[in-house]
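Number of protein chains: 4
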Amino acid sequence: MGSTYGKIFNISTFGESHGKAIGVVIDGCPAGVEFNEEFIQAELDKRKPGQSRITTQRKEADSVDVLSGVFEGKTTGTPIALVINNQDQRSKDYGHIADKFRPSHADYTYAAKYGNRDYRGGGRSSARETAARVAAGAIAKTILRDMGIEIAAYVKQVGRLKLDKSYSELDLSTRYDNAVRCPDAAMAQEMFDYIDDTRKKGDSIGGVITCVASGVPVGWGEPVFDKLHAELGKAMLSINAVKGFEYGSGFDGVELYGSEHNDEFYTNEAGEVKTKTNHAGGILGGISSGEDIYFNVAFKPTATIMKDQDSVNAAGEAVTVSGKGRHDPCVLPRAVPIVEAMAALVLVDFYLRAKADK
Amino acid sequence: MGSTYGKIFNISTFGESHGKAIGVVIDGCPAGVEFNEEFIQAELDKRKPGQSRITTQRKEADSVDVLSGVFEGKTTGTPIALVINNQDQRSKDYGHIADKFRPSHADYTYAAKYGNRDYRGGGRSSARETAARVAAGAIAKTILRDMGIEIAAYVKQVGRLKLDKSYSELDLSTRYDNAVRCPDAAMAQEMFDYIDDTRKKGDSIGGVITCVASGVPVGWGEPVFDKLHAELGKAMLSINAVKGFEYGSGFDGVELYGSEHNDEFYTNEAGEVKTKTNHAGGILGGISSGEDIYFNVAFKPTATIMKDQDSVNAAGEAVTVSGKGRHDPCVLPRAVPIVEAMAALVLVDFYLRAKADK
Amino acid sequence: MGSTYGKIFNISTFGESHGKAIGVVIDGCPAGVEFNEEFIQAELDKRKPGQSRITTQRKEADSVDVLSGVFEGKTTGTPIALVINNQDQRSKDYGHIADKFRPSHADYTYAAKYGNRDYRGGGRSSARETAARVAAGAIAKTILRDMGIEIAAYVKQVGRLKLDKSYSELDLSTRYDNAVRCPDAAMAQEMFDYIDDTRKKGDSIGGVITCVASGVPVGWGEPVFDKLHAELGKAMLSINAVKGFEYGSGFDGVELYGSEHNDEFYTNEAGEVKTKTNHAGGILGGISSGEDIYFNVAFKPTATIMKDQDSVNAAGEAVTVSGKGRHDPCVLPRAVPIVEAMAALVLVDFYLRAKADK
Amino acid sequence: MGSTYGKIFNISTFGESHGKAIGVVIDGCPAGVEFNEEFIQAELDKRKPGQSRITTQRKEADSVDVLSGVFEGKTTGTPIALVINNQDQRSKDYGHIADKFRPSHADYTYAAKYGNRDYRGGGRSSARETAARVAAGAIAKTILRDMGIEIAAYVKQVGRLKLDKSYSELDLSTRYDNAVRCPDAAMAQEMFDYIDDTRKKGDSIGGVITCVASGVPVGWGEPVFDKLHAELGKAMLSINAVKGFEYGSGFDGVELYGSEHNDEFYTNEAGEVKTKTNHAGGILGGISSGEDIYFNVAFKPTATIMKDQDSVNAAGEAVTVSGKGRHDPCVLPRAVPIVEAMAALVLVDFYLRAKADK
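Chains as they are written, first to last, in our numbering: chain A, 1 to 358; chain B, 1 to 358; chain C, 1 to 358; chain D, 1 to 358.
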C-alpha cells in the first residue's frame, strides 16, 4: 500500500532501484492533453544521475517508454503507463549490505515490516522511484502550463550556506543553468564547492529547496483535511530525505503579531482582489487565494556516506557498514525537479477536483 | 470534499461554527474497543473555549452525544456518530462581516470557490470543527493506549519565547497542569503573561507545538506516498492556522553532515534493535523504527484581532474590518489536544493498515 | 468499514435500528443547490413504515434534522449532516433473540465477524439504515431533476405475479398512487391481495423492482471497473434483501443472437444520435448513451416470518426462533424509493466525475 | 478514472487493444507470498485467443513480464507490475471503422465522453484489458489457495442451451477439459456445435457463467455499501459484455415464500454452524457465512458480428458497418478465467480488510 497518490489525477508508481524497471500508471488524466514525450524526457534529464561530479555517477539513460493512454499525440482519458527500464544495476555492489541495516536507511524498517526486502540499492525505498514521479509530473506540468501556471523550485540552502533573498528577487528561469540549481550564480558556485568538498570527505550534507507556483487561480484546495497546503506538505514529505515543510511565513511567522502577519485585501487596477502582503503563501483556509504559492522543503544529509559506521545485522549482531557504491553527497540538486513534479501533481489534482465545486 | 480522513479508521466531520451542531462519523473503528464516554468528554474539555482568560470567552459545554456504533459499552465495528450541539451561537456578532472579507481568514477563498458561504463565525472554516476531531481522536487514543502507546503534545514556543529543552528533559505528564500547556512551569508563566499582554493589546501571536509519540512499534507507515511522517504532516497542516511541520532533526538538521546526522544501530540488553541517536524522529523510510516519534508544528498568529484592518467587500470595494466577537489571542493552548488527536488518528490508521502487511 | 459510498458525492451513513438515531453525512455535494427540506421529508415518507397494512406497523415519524451544510436555503459545498431520531424502539421485542441466530438474517455473520453485535432489531444490518440513503438520495434527485433527469422505480413482480408490460407502456408518474407502488392499477390490486394474504399466513414473499432513468446525457460512467452499470449493480445489491441485478436485456438477452441484440444507430430529426432499439439499457461500454437507462432488481422474501424455525444460539445449541416483532411481509413497496435514491446517488456521482473528463 | 479496483489489494490496469502493451500494477499485495510466474502464465493461457475454432483467431502469446515487487521468489509487499506486450496488432483491420460507431460497442460513448478515442480494436474498451485482470487474479488465487479456498467458474448456458444441474452435481475440476469450459462433457459438445454454427453464420450468442467459491471462512465482506455480494456484482458487471448478476437463489428466489427460502442453522458434528439449505449463496447481510458462495453472470452476444449493420459516423451521417476483423462468436469460454480472476480479487481484498475487524 501507499504507492498511489491523487484523488482524480491518480498515479500509481512501481519499481525497485535494481529491478527490471520503474514506472507509473496515471488514471484520471483528462482527454485531449497534448502529449509531449520530449518534455517528459527533458524533465527526467533534470533529475537523472551523473549530470555533474556532485551527483551520483550511476549511469542511467532514464528514457521513458509510453505504453498506453496516448493516441495521435493526445491523451485519450484512459490510463497512461510510463516505464523506465533500469540499466546500470550493479547489484553486486550491494552484496555487502544484504544482511546489514545501513544507518538512517529504511533497511531495518522494511525488513521488520515485510519480513523480507529487496536489499539491492534500497529496493523500493530508493530515490530512484522518484523518476516515475517526475515523468507523471511532466504531464501535470503541461496541463498547468496551458492554464498559465508556472512552477519553479530552486536550492535555497545547502548546509549552512543560505541564500538570503526572497524568490521575488531572483530570476527563477535561470535555476537550471548550473549544477546546483540555485538561480543566484555566485551562491551557486559557493554551494557547488561546498558540496564537492563534502563529497571529497566522503560525507554528505542537507539543505532547503524553495518552490513557487505562480498563476494558480483562486479556489483550488479543499476545506478541513484536504487543504491545499496539507496535500502539498504530504507530497513534499513523501520525497526521500525530506524532514520538514513550511509555507508562506512558515516557522519564522510564529514570532509575528497578528497585526503584522495578516495580509490586508485591496482591489487592484484590473479589478482583482489582491493582498498587500503574502504571509499566507497564497493559501487561505486551505484554498488558493490567487497570490503566489510558495513553500520550503528541508532535506537531511544523504544517509549513504563513504565512512565506516556501526550497525547491526538481521541477527542483531554488531557489524560495521562500510561506504561503497555510488551516492549523491547532497540530494538537493537532483531533488529540484522532483519538488516541482510533486507540486504539479498536487495542483492538477485540485484543479480537477475544483470542477465539482458548484 | 475534503472533510474525510483515514483509509481504514475513516472519519468524516461536519458542522459549522454557528450551525446547529458539529460532529463526526467514524467508519472503520474495530469492534470490541471499550468505549469511554468520560474520556472523550475529558479530551473535549481540554480543547473547549473559556478555560482561562487567555482563551476565547465563547461559552460552549461541548458535550458529546453518541448516536451509534456502541453497544453494551463496546464498539460494534459499525459507524460511530458523535454529535456536539452548538449553544453559544451569537450569530449577530457576525452581521458586520457578512459582506466583508476578513484579512487572513478563509472568507474570500470560500466565497470564490463556492459562490456562497456561511459567514457566521467562519462557518466551516472555523476551528470549531476541530472539536469533532478531538472526539474521534479520543477513541483512537484509547486503542493506542491499550497497546502501550502514549501521545503527548505541549507548547514549546510562543512568539519569541522558546523553551530550549528537549522533550526528554520534561515531565510531559504535567503538560495540562497550566493554562498554556507547557510542561515547564516557569516558562508556562512567562508564556501566559506574554499571551495575556498580547490579548490586552487586541493582538494575537503564534507559536510552536512539539508532539511525542512513544511506544509505537516498528513497522507502521507505508512506503512512497503514504509515509508515516507524510501523513502526520498532512494531518498537522490540516489544523487551522498551521504553517509548518518538521519531524526529527527537521529544518535544523539540514546543516549537519551525514556522519553527524546518521543514527547508528545497536542491540540493547533486551535484544531489541535501537539507535544511538534519534535524528530520524522515530521514522525510517516512512516507517516507524520503534524509537520515539517526535515533531514540531508551527502556528501563525490568530487572524482575528481587535484592531481595524483594511479590506474589501464582496463587490471589491475598500472597507474597514473592525475587530469584534470573541477570539483566542494565541491558539496554541487549545491546539495541544488537537495535535494529539490528529496524531492518534494517523497512528491508529497505520496500525490497522499494517495488519495487511504480510 | 463499508458504510461510505461515492467518489465525489460521498455519503457516510450511520445508525442502528434501535439506537438513538440514524443519519448520513454527505461530503462533496456542490454548492448552490436549492435545499428543499420538504422534498427530503416527502421522499422519507414514501419509505417510512406503517403506510398500509402490508407494511410493518412500527411507528416512525422519520423526520429529518439538518445539522450542517446549508445556509440561507442553499448548499454551501461543505458536509451536509442529516439525522433521523429513532422513536419506536421497542428493544424488549428483541430480548428473545439476543442469543439466537435468526435464519437468513445477518445475526450469525455479524457475531462471527465482530465478536459482539447489537441484536436489537438487527442493529446495523436492519433496513432502517436505508432511510439515511433516501434522505441523501433526495438531494441527489434534486440535482438531477434540475438537469432534466427523472428516476422512476416500480414493483414489477411479487412472487409469481408479474407485470408483463414494458416500462414504456406504463404511466410511471402514478407509481406512488397505490400501496404496492405498481403503476398498473389492476395488477397493483392483485399484488396487494397477494401480499396481504402472505402476511395473514405469517409468511413473506419476494419480487422484482424495475427502475428507469430518463434524460441522462451521453458520457456518464467510467471505463473498466467503474462502469455505470457496475456501480448501479453494486448500489442495488447493497440494498437489504437484494439477490440480483440486470440491466437492459439482462438475463433474457443471453438467448438472442448478436444480429438481434445489437442496437443500430441512426440520427434523429433533431440531429441527435439515437439507437433503434435499446437492449443496451442506455449504457455502452459502461458509459451512458443518452437512451433510457433501465434495470431490474430482485428481492428475496423477507427473512423475518411469523413462524417457528430451527436454529442455533451463540453456544451452537439447537434452539427454536419464534416469529415476533413487526415486519414487512414483502419489502418491495417500501424498497421503491430506496432503489430510486441509490440510482440518484450513483448518477450524481458520475455527473460530478464526468466534469474532469476533458 | 475507473481503472483501479480494490481498497487494500489495489489493482490499476492499463493498455489498449492495439497499443504497445497492456498491464497491471498491484499495490497492496502482502509480502511473503510465493510468486509463481508459471501459474500466472497458465491462467493467461486459459484466457488467450486462438485456443480453438470457436474463439477469435487473433494470435497473442500473452506472455507476462514481471517488472517489480518480487525478490528471490516472493512478493516484497511493494507494487507488483505485470506487463503483457501486444504482438498481433493488425491496426489496419480497423481503418474502416475509424470514423464509424459500431452498434452496441463503446465507440460512440467514448467519442462523446472524451472527444477523441483510440479506434483500433476498441482501444481501452476492448476485452483485451481483461488479460491484465487475469494476471493479477492469479496472484489473488495463490493467496486464497494457500488458505484452502477454491474458485471455479464454468459455462452454464449458451443461448438457449442450459445445463440444468446444480454446481454440486458436477466435477468442477474438469471445467477446463473442453474448449467451451462446461464441466458436463455431453452438454459441452452441444454448446461447442451451437457456437460453431453461430460462428459460421457470422453471428454471435450470449450465455451464463456460474461461479463457486468454496472454503471462504465466515466474516468476509462489509456491512451496508461494501457487501460481499455487492462487490462481487460490481466486479462481474465490470467485465465486458456482462448484463446481469445474481447470487444464491437470485431472480428465481423471488417466487419463494420466506418459509421456503430461509436457511435454517444447525451445528454439524465438527461443531461448526452450518445451514441446512443455502439459498443465501453463502452470504448473510453482505458477509460470508462459511457456506459455498455461488453466483451467475449473464453475458450478452458479442457485439462484433460478420454482417452489415446500419449505423452513423462521427458526423452523424448514415453509414454501413461491415463485419471485418477477428472476433469471438461467444465470449463465454474465454470469460471463465476472467470471472474466476475477478472473484479472487474481490475475495482477497475482503480477506485483507477483515484483518482490521476487531
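Derived from the structure by calculation, the hints contain no laboratory data.
Misleading hints may appear alongside valid ones.
Claimed, not checked - Here are the computed lysine-lysine pairs in the DSS-like style, where the Cα-Cα straight-line distance is at most 27 Å: (1) A:K355 to D:K7; (2) C:K162 to D:K165; (3) B:K358 to A:K324; (4) A:K307 to B:K358; (5) D:K358 to B:K358; (6) C:K7 to B:K7; (7) C:K7 to C:K165; (8) B:K7 to C:K355; (9) B:K358 to D:K20; (10) D:K162 to C:K165.
As the list claims (entries may be wrong) - To list a few chain B residues with every Cβ distance to chain D over 12 Å, as calculated: (11) A61; (12) Q87; (13) D177; (14) A354.
As the list claims (entries may be wrong) - Computed far set for chain C versus chain A, every beta-carbon distance over 10 Å: (15) K7; (16) F35; (17) Q51; (18) T78; (19) E150; (20) K165; (21) E169; (22) A186; (23) D193; (24) H279; (25) K307; (26) N313; (27) G316; (28) R353; (29) K355; (30) D357.
Owing to the predicted nature of the structure, the values given are computational and were not obtained by experimental measurement.
All C-beta atoms in this analysis are idealised placements derived from N, C-alpha and C, irrespective of residue type, glycine included.
Problem - Given as non-interface: C:D357, which should sit over 10 Å from chain A by C-beta - result: violated, 6 Å
Exercise for the section: Determine whether the non-interface label on B:A61 survives the test: each CB of chain D must be over 12 Å from its CB. Expected result: B:A61 clear of chain D: closest Cβ-Cβ about 32 Å, beyond 12 Å.
Exercise for the section: Test the statement that C:K307 is away from the interface with chain A: the closest C-beta pair must be farther apart than 10 Å. Expected result: holds, 48 Å
Practice task
Beyond 10 Å from every chain A Cβ: check whether that's true for C:K7.
Solution key: C:K7 is in fact no farther than 10 Å from some Cβ atom of chain A, at 8 Å.
Problem - Restraint check for D:K358 with B:K358, where alpha carbons must lie at most 27 Å apart - result: This hinted pair holds, its Cα atoms lying about 18 Å apart.
Practice task
Could you grab the alpha-carbon distance between C:K7 and C:K165 and see if it respects the 27 Å cut-off?
Solution key: violated, 36 Å
Practice task
Would you assess whether C:D193, listed as outside the interface, keeps its beta-carbon beyond 10 Å of every beta-carbon in chain A?
Solution key: holds, 48 Å
Practice task
Evaluate the condition: distance from the CB of B:Q87 to the nearest CB of chain D exceeds 12 Å.
Solution key: holds, 32 Å
Problem - Cβ separation check - C:K355 to all of chain A, threshold 10 Å - result: violated, 4 Å
Handout entry: Cβ separation check - C:R353 to all of chain A, threshold 10 Å
Key = The assertion about C:R353 is violated, with a minimum of 8 Å to chain A.
Handout entry: Whether B:D177 stays farther than 12 Å from all C-beta atoms of chain D, as the label says
Key = Since the minimum Cβ distance to chain D is about 36 Å, B:D177 lies beyond 12 Å and the statement holds.
Practice task
Would you mind confirming whether the straight-line C-alpha gap from A:K355 to D:K7 stays at or under 27 Å?
Solution key: holds, 25 Å
Against the hints set out earlier in the document, violations occur for numbers 3, 4, 7, 9, 14, 15, 18, 28, 29, 30.
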